[in-house]
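Participant: So the chains spell out like this:
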Amino acid sequence: MQSDVVLRVVSKFLIPFILLFAFYVQFHGDFSPGGGFQAGVILAAGIILYALVFGVAASFRIVPMRATQIGAAIGVMIYGGTGVVSLLRGARYLDYNALAHDPVHGQHLGIFMVELGVGIGVASTMLWLFYSFTSHKLRRDGQS
Amino acid sequence: MTDWLHLVLLIALVVVALDLARLRDLFAAAMLTGFFSLLCAVYYTIVDAVDVAFTEAAVGAGLSTVLMLGALSLLDERVETGRVRNRIGALSAALAVAAMMLYATPDMPAYGDPTSPVNQPDRPAWRYVHQSGKEIGVPNIVTSVLASYRGYDTLGETNVIFTAGLAVYALLAGVRRKRGQDAE
Amino acid sequence: MTFRLATLVVLFSGIWLLWSGYFEPLLLSLGAVSVAITIWLSLRMQLLDRESAPLHLTWRFLLYVPWLLREILLANWAVIGLIIRGRGAISPRWVVVDGRQHHDETLAILANSITLTPGTVTVDVAGRTLLVHAVDAAAADGLLSDDMNRRVAALEVD
Amino acid sequence: METAALILDILSWALLLIGSAACVLAGIGLHRFPDVYSRTHASGVSDTLGVLAILTGLLLQAPSFGVGIKLLMVLGFLWISGPTATHALVQAAWIRGIEPVLGAGPDPFHRDEDGDNTEEVQ
Amino acid sequence: MTGLFGYWTVIATLAIGLYIMIAHGNLVKKVIGLNVVQTAVILFYVSFGKVHGGTAPILDERFEIYSNPLPHVLMLTAIVVGVATTAVALALIVRIWESYGSIEEDDIVRAELVE
Amino acid sequence: MKYEVTAIALVVALLLALMRAVRGPTTFDRILAVNAMGTIAVLLIAVSGFLTGRPDWLDLALIYALLNFIGTLAVLKFIRYRNLGLDGGLERRHQEEMFPWKPPR
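Protein chains in written order, with this note's numbering: chain C, 26 to 169; chain F, 332 to 515; chain W, 134 to 291; chain S, -5 to 116; chain E, 409 to 523; chain R, 26 to 130.
Hints are not guaranteed to be accurate.
[Claimed, not checked] Negatives, chain E to chain C, calculated, CB over 10 Å: (1) Gly411; (2) Glu469; (3) Ile473.
[As the list claims (entries may be wrong)] Keeping only pairs whose Cα atoms sit at most 20 Å apart, straight-line, the calculated SDA-like set for lysine to any residue is: (4) Lys438/E with Phe358/F; (5) Lys438/E with Val345/F; (6) Lys438/E with Asp514/E; (7) Lys465/F with Asn122/C; (8) Lys438/E with Leu422/F; (9) Lys438/E with Glu411/F; (10) Lys438/E with Ser423/F; (11) Lys438/E with Gly420/F; (12) Lys465/F with Asp514/E; (13) Lys438/E with Asn417/F; (14) Lys465/F with Glu469/E; (15) Lys465/F with Ala125/C; (16) Lys438/E with Val415/F; (17) Lys465/F with Arg470/E; (18) Lys465/F with Leu113/C; (19) Lys438/E with Val346/F; (20) Lys465/F with Glu472/E; (21) Lys438/E with Lys465/F.
[Said to hold, decoys possible] Just some of the chain W residues that point at chain S, by a computed CB distance under 8 Å: (22) Leu144; (23) Pro158; (24) Arg177; (25) Arg203; (26) Leu207; (27) Asn209; (28) Gly214; (29) Ile216; (30) Gly252.
No wet-lab data here; the hints were simulated from the structure. Please read all numbers here as calculations on a predicted model, not as lab measurements. All C-beta atoms in this analysis are idealised placements derived from N, C-alpha and C, irrespective of residue type, glycine included.
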């Protein structure tokens, strides 16, 4: 697709907006529709768009396969770790009231961390899935 | 006012599903899935499930088509399905299931009924709607239920997604090995 | 490059504020982080060059938009007439347009302007040459009169 | 109702009606045109005029500044990504070898006189 | 009457999905059928979350009645999980194609019997 | 009232696009119908936001406006190279084998 002028220019123009929009959705999940799941999928879609236009090899240089694997694990760990922190502070698992002095503030913090974990996890996993399929194709055709 | 709208959308969904059952070209079927997802997103918006519509939009517009095509490209030229076999049996099984469920529908609450069992004050949803503003302090009730009230549930879902990624990687990343042939 | 980067940081921050509409310190700092990550990723992807962030075209492009809008409305009117008159009214044909542009971004603007005008669709681009499918003789003539081509080429006075 | 609000209301009525008509006509055009290439012209009507008229019609009724900005952004992004999608689609059809139905007119490919690509549209 | 119509169409969608899964021997087609069934389930859940006169469950002083948020939460995650599990199914199909040279159920069963 | 009229017109356009998607005849007609449906869905979501008095759902329309062409782009790449991960150099090699604007088979 890199050789097609229209697709290359338009994709290059739109990808930063898609990424910024993904972050917007991630951090405004409290006020408007959205949240970690949606933001993760949008972020992955932005990078997949890059991979479609410039090839998976170029995309590996931006976000390596290893990074998506680590990211997927880190996402789940942030989620689970939030629960462990509330355990350590003497409350039940994933009980955010204990995260801060004020229960409502604690809830805000807990929701923020959990959504962050979900966002990182979903974005990495979706990208990982895409990478798995396309790199398998490249490897099978002997073009890697 | 939006009542007629959701009926029309549901009928359109059934039409698309029927066409999916008829199509034998896998590529065309994958494209029609995109149409299906668009209709669903509009439907979810109409029935106030904005967050669900958001997810469907993100997934349907960006991801599911790409993943489907990624898999189809690995199946080489095989984009036509074989013949449909056992049409009578399949039809009767589907109809039997449909008939059983139809038999149960008169006991269901009507569409949009505010007095349906799920909306009663002794149900969890009542607390979510009326208390979450005070308890959590987040305007989007869906977010507070997702991340706080039902946090275990979402933890499980996140794990499922992670496991799915792991499974796909395990299936596809290994050295290719054909039947009756050693590893390359 | 630094000028372009600074402009883009301001632009993205502005877009964030417009989208967000909340001016609390927490969300503002999150916005700063988001803009920073976006810019960082875009730089890694080498997206922020003159091709995809054509800031040098901005003012001339804003003058081009009203003309494009008029063209689009006229073309819409013509195509609606064709739709009402039905199948017999159209006589599709191929048109080959040689772009007068020297840069890829303006060529893409030309191709998208052609597609955006109903009645003509850019099918393929090879080098500076565009293969266009036109719905009838009027649409093809409008394209061959080279008006749009010259206006888009005039965007890139350096 | 104030005069300004009334004028805005009438204007947005007009714009919404124009947009609705454009979308329905584009839908009809999807059926009246003979092949993919000419059908993209029909869908172009709803992609440009329909989007423009309906979104500006809504813009006149926007309750807040943020909503108006988002409407404008939807308009802008649709006008950038819509033609790109059309271009990609038509190019895919062209590569797959879908032959357009051509009317009388110059053919840049200069194919044989008996080539079947110059079939008249009925 | 119209109150139950939504359920009937959802049931029809589900039955069609089931039909696709049983009738088509092609594995990718089966996955598509599975997706249709999944969509039917999501539609079912989401449609009984709606409350007449209600609005989306995002708190705002202007509104009193909200639709039921619980089905939305359950289905929101189900959609993303559905994509991930579909990817697993497709990966399995790819491996099946690589070792059997076919994704038709009949061919695979025959190949297994020959061995 | 005006939003209802617009919504009805958009649903009519939606059904027309649906008929095109079902009728085919080629896969590209279906993709075209999906594309047209994408535009209509954006408009319908925007209008329904105004219809229910909560126009702050435009994020949904925005996401479709931003992402809806990724699917079509993937289709083009699939048709052209049968490989979604091919990069520029390999693409050019493919391209050279293919004379630009070769008349269809």
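Participant: I'd like to know which numbered hints this structure contradicts. Please list them from smallest to largest.
Facilitator: Result: hints 12, 18, 21, 22, 23, 24, 25, 26 and 28 break, sorted rising.
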